[in-house]
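A.B. asks: The task is to assemble the complex, starting from two chains supplied on their own in separate frames and drawing on the hints.
Note that the protein sequences, when read in sequence, are chains A and B. For reference, each letter of the first sequence is one residue, going 1 to 150 in our numbering. For reference, each letter of the second sequence is one residue, going 151 to 464 in our numbering.
Read the hints as simulated data drawn from the structure, not as lab findings. Values in this document were obtained by computation on a predicted structure and should not be read as measured data. Keep in mind that a hint or two might mislead.
[Claimed, not checked] In silico BS3-like pairs for lysine-lysine, Cα to Cα no more than 27 Å straight-line: (1) B:404 with B:298; (2) B:239 with B:153; (3) B:352 with B:298; (4) B:239 with A:111; (5) A:111 with B:230; (6) A:29 with A:145; (7) B:352 with B:428; (8) B:390 with B:309; (9) B:404 with B:292; (10) B:309 with A:145; (11) A:145 with A:92; (12) B:184 with B:292; (13) A:111 with B:309; (14) B:292 with B:460; (15) B:153 with A:111.
Residue-level listing of the chains:
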Amino acid sequence: MKKELAVAALHSGTVIDRIPSNALFKAVKLLGIENINEHVTIGNNLDSNKLGSKGIIKVANTVFSNDILDRIALIAPTATVNIIEDFEVVEKKPVVLPDTITGIVRCGNPKCITNNEPMDTKFHVISREPVVIRCHYCNHAVAGKDANVD
Amino acid sequence: MNKNSLVSISDINREELEDILARAAYFEAHPNNKVLDGRVVATLFFEPSTRTRLSFETAVNRLGGRVIGFSDASTTSSSKGETLNDTIKMVSNYVDLIIMRHYLEGAARYASEVTDVPVINAGDGANQHPSQTILDLYSILKTQGTLKDLTITMVGDLKYGRTVHSLLQAMQYYNPTFNFVACPELQMPREYLEFCNERGIKYSLSEDFSPEIINSSDIIYMTRVQRERFADIMEYERVKDLYNLENSMLAQSKPNLKILHPLPRVNEIARDVDSNPKAYYFDQARNGLYARQAIITRALGIDMNAVKEKAIEL
Chain A
1 MKKELAVAAL
11 HSGTVIDRIP
21 SNALFKAVKL
31 LGIENINEHV
41 TIGNNLDSNK
51 LGSKGIIKVA
61 NTVFSNDILD
71 RIALIAPTAT
81 VNIIEDFEVV
91 EKKPVVLPDT
101 ITGIVRCGNP
111 KCITNNEPMD
121 TKFHVISREP
131 VVIRCHYCNH
141 AVAGKDANVD
Chain B
151 MNKNSLVSIS
161 DINREELEDI
171 LARAAYFEAH
181 PNNKVLDGRV
191 VATLFFEPST
201 RTRLSFETAV
211 NRLGGRVIGF
221 SDASTTSSSK
231 GETLNDTIKM
241 VSNYVDLIIM
251 RHYLEGAARY
261 ASEVTDVPVI
271 NAGDGANQHP
281 SQTILDLYSI
291 LKTQGTLKDL
301 TITMVGDLKY
311 GRTVHSLLQA
321 MQYYNPTFNF
331 VACPELQMPR
341 EYLEFCNERG
351 IKYSLSEDFS
361 PEIINSSDII
371 YMTRVQRERF
381 ADIMEYERVK
391 DLYNLENSML
401 AQSKPNLKIL
411 HPLPRVNEIA
421 RDVDSNPKAY
431 YFDQARNGLY
441 ARQAIITRAL
451 GIDMNAVKEK
461 AIEL
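Next comes chain B alone, as it looks inside the complex (with noise of 0.2 Å):
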């Protein structure tokens, strides 16, 4: 087991949370820096995220380092019945950094207890996926200027969406407002607003997209509403396009508002959206590259202090 694994934002407090945005905000600026030299990182994708994998993977590379891996389990071991524990063990003799992606929900908890080499979760199942966190805070605060006090939105599949449970959880330390817009079946499972009303965070929950959410929010955190997530295929269509945005409705919004998605997105965000100022979709997808160097950084335990004072010598 290494401290340093990073396999759910709850594993980090809040001065690591932001040693981690303030590494982005450098890499961002420097985002070619061979602190990495020498090193070897394995990405092993026991499913497919392509999104995912070659972000981490530009990461390592604009880092100096070299990676190894697959993209696909059914080209490994683990398609002959090797166990994610033997897999684990066998590559970590060769890479002084594991990201991984697993379709089963824990993996990456288990995986980061039977090696002493760090490991980054990069998503496992419906569970925790942390660099996404760390990208969408690192979105906000860039956009806003600050983290603190902000009204944040969230919209569309609130019960089995696990990016907006991973950023209202990371949020607490900074006295947001949200709300949460959402069909009951989707709307956003109790035990988080029992984390809410623990921390005094203040929320509302609503049904419907209204004017008045949207020309308060500071930033409109949007999520796609999955067929699959339904048993009865009628109502998914009943509640499909309820939470869809469109430029006409941003026209009374604040000047600072930020349209957020995880992507991919389907039909959730009309594309006249897309040249809205306020759209910043494609922009917080960039931003997971800088988020994905301060977290592989911080994870291999490269001091930022030495890598700024080589960074000014040269």
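The following block holds chain A by itself, in its conformation from the complex (with noise of 0.2 Å):
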């Protein structure tokens, strides 16, 4: 029997699946998505076999750069994301947590340098697995389900 798909086929665009279900919304505002004027589709709490729940976004002629994406490795390191054309994935790959993140997460530390100057904030992946980053300045670790991205 044919799965039944629980959110529209995308006849062009990405789809980014396999989010865990409770950094859906951290991705979708990692990725820029309330921006975008083409057809946005998010579900939520969808089965999966490997994570037991999981969200997934679909948009619409869009194809997001490898920067972009990879920005929500640090959330949600079991992303994937397909590239459709004509109803078909034409690609389909996982999203790769950088060395370094720069200007995307804010350091939990209030006396960071970061959090009283006007600059950007910068991490280094110490840990791929759990992921686990580290403020450039200060010093302070965080877990990446964990990091700041608002």
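C.D. replies: The following block contains the structure:
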């Protein structure tokens, strides 16, 4: 029996799948979805064999750069990216966490210089499984899933 | 960004560390040495720290340099809302070296990235204070004749005490054995224990400042337990006097034992220890001058061979 799609199929664009449910809305924010004028479908708490529960983001007629996609590796390292053309998956790739993350995460240490000076933040990835990042400036470490991306 | 900046002890490798210690030994023998003739050094103390500032300024003066700066940010443009970036860029036009202390963590790292003038971190909040570590190492080297194979006992606040964290990191090259003596709330953080595990550094954790630990130590590094670290004041009252050192506790200690403390102390070292020849904390503070002369000359790229040759000529 063909599995029923919980979210409508996409003619062309990008599907970001296997996002942990609790990271979905952070992923939406990191990808800048709110500024996209194309059709966007967001599903959450969908059944997943691997994750138990997952979120999915479908964006029509849009291909994101790897730089933007890799942002979500911090909070959703399990996410996969499918590029769709004419209802077919033409490319499938994982998100890859870079060694250094610049300007996305806010440092959780209120006494960090980055929270008190107009400047970009910078974090180094010190562990990939589980993801742990460390502030380049104040050395404050935080788990990727707890990173403040607001 | 200047490669001679010193923001954190982890910025320098073993060779550079030992170069700084060798410089310190030279300056102890020759404290007045006009190698900074014509140079201007800024001491930017956004947070007051009289001890550290006087030590750095004495070091510059003994090296023949000139000092400009401030000892309290309330008298500067930063109180008008000027960014650190702007203050550092402005000062960089005037000086050959910036020595800065700041209440914000990471301030010195950021400053070092926005200027080509070398920056020495004289303490950034609870984060890093590398000149303290250099003077601690120099004190250990001087009193023990070596840095290798020593048993170092760290006592008191090992959780928040940045001096013990940096010293632990710097000792990694010398096969130390550590005893970490603290109450569970203030015990050495896991990341530093992992640092030891990864490098095969031996350590023990203890809540008890026992005679066995004291008598096996080559160095006892005391730190102050600060009231503001405790959410529960009752807990502070319970532990505050558990890690006080008294002279009678040193009766069976090793002859080469030295007691270090970054100062200021409150009551964690009893006054009767001061007269014991094993008490080294006041001499340790004096070593800060030589350590800072060493750090300053390295930051300015001053070649010590040339300095020594000149000294011989004179």
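A.B. asks: Please go over all the hints and tell whether each is borne out by the structure.
C.D. replies: Hints and how they fare:
| no. | hint | verdict |
| --- | --- | --- |
| 1 | B:404 with B:298 | holds (17 Å) |
| 2 | B:239 with B:153 | holds (17 Å) |
| 3 | B:352 with B:298 | holds (13 Å) |
| 4 | B:239 with A:111 | holds (22 Å) |
| 5 | A:111 with B:230 | holds (19 Å) |
| 6 | A:29 with A:145 | holds (14 Å) |
| 7 | B:352 with B:428 | holds (24 Å) |
| 8 | B:390 with B:309 | holds (14 Å) |
| 9 | B:404 with B:292 | holds (17 Å) |
| 10 | B:309 with A:145 | holds (24 Å) |
| 11 | A:145 with A:92 | holds (24 Å) |
| 12 | B:184 with B:292 | holds (25 Å) |
| 13 | A:111 with B:309 | holds (17 Å) |
| 14 | B:292 with B:460 | holds (25 Å) |
| 15 | B:153 with A:111 | holds (26 Å) |
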